[in-house]
Amino acid sequence: MNAGPRTSLADPPVIASRRRILARTRLDFWLDALLLVAYTLAYSLGFTGIATHEWLGIGLGVVLLVHLTLHWDWVIRTTRKLLRRGGRERFVWLINLLLLLSMTLCIASGILISEVALPELGITLPASSFWRQMHGTTATLTLILVPIHAALRWRWIVSVARRFAAWRPGRSR
Amino acid sequence: MKFLRHLTAVVLAVTVIVGLGMLWAHASGGTGTGSGVRRAPSREALLRLEQIKAGVIRVDSDTGFSLADAGDLIRTCVIEAVLAAVVIAVSAVRLRHRRMRRTAAARA
Chain A
1 MNAGPRTSLA DPPVIASRRR ILARTRLDFW LDALLLVAYT LAYSLGFTGI
51 ATHEWLGIGL GVVLLVHLTL HWDWVIRTTR KLLRRGGRER FVWLINLLLL
101 LSMTLCIASG ILISEVALPE LGITLPASSF WRQMHGTTAT LTLILVPIHA
151 ALRWRWIVSV ARRFAAWRPG RSR
Chain B
1 MKFLRHLTAV VLAVTVIVGL GMLWAHASGG TGTGSGVRRA PSREALLRLE
51 QIKAGVIRVD SDTGFSLADA GDLIRTCVIE AVLAAVVIAV SAVRLRHRRM
101 RRTAAARA
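Residue numbers (the working numbering), protein chains in the order written: chain A, 1 to 173; chain B, 1 to 108.
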């Protein structure tokens, strides 16, 4: 099965594919940065106040779904290769799994104990000490896991940031 | 199409986690929420809702950022920065060791 000789006609799809990859990298970078800033603000309840904290938390949940969807390929790939892979990838996978569990439970419990956002929508839920306790515990756990999760990819962050710093308008990068 | 497929899988995974949390809450008997028979809202919750509707409690009274309480934000940033710095330092040291080992092996 010969693919045939390479001609200059083959170049445009390659460039298009490269552009797509770069656009995806850019999306990942800015979405991750947005998530980190939003999370930091949402965790600082004293700074934001309860209303902003709750709406920010709900928004964070939606953006997290997009973040997870964009990286679902990695989840599947790493889970399949888990037994063959070395210690570092396994560690990253474990941190990400713990973060998924704690972040999901943190946002869900936050919605269930909402004092402003849900009543504003006309929804009231019975007060529950279980979910209040769950929210506190998972929030603390998340505060530990988020910086670890981000720092484990510091080389990717540095390389993308360097590429952005070197970027000049008009040049296709 | 691929995005939608992945989004479905993610929503399913999140639903399973929340479902397990609900089961945990139900098993521990500490909640009235869940997919089963719903408990009526507490008197406090109903009173609060009435007060919000009547405008006694302004739900948007504390929206907006309070610079006076920036200490909370600074504390969060410091915790994140310290933890990230530790992970990056360990990772950088490991990377350097690996490179040195590789260079030594190449020379030998």
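Please keep in mind that the hints were generated in silico from the structure rather than gathered at the bench.
Please read all numbers here as calculations on a predicted model, not as lab measurements.
Incorrect hints may appear among the rest.
Cut-off 20 Å, straight-line C-alpha distance, at most; resulting in silico cross-link-like pairs (SDA-like, lysine to any residue) [stated by the list, open to error]: (1) 2/B x 27/A; (2) 2/B x 12/B; (3) 2/B x 75/A; (4) 2/B x 66/A; (5) 2/B x 137/A; (6) 2/B x 22/A; (7) 2/B x 88/A; (8) 2/B x 23/A; (9) 2/B x 165/A; (10) 2/B x 69/A.
Among all the numbered hints in the text so far, which are the ones the structure does not match?
Numbers 5, 7 and 9 - these are the hints that the structure violates, sorted from lowest upward.
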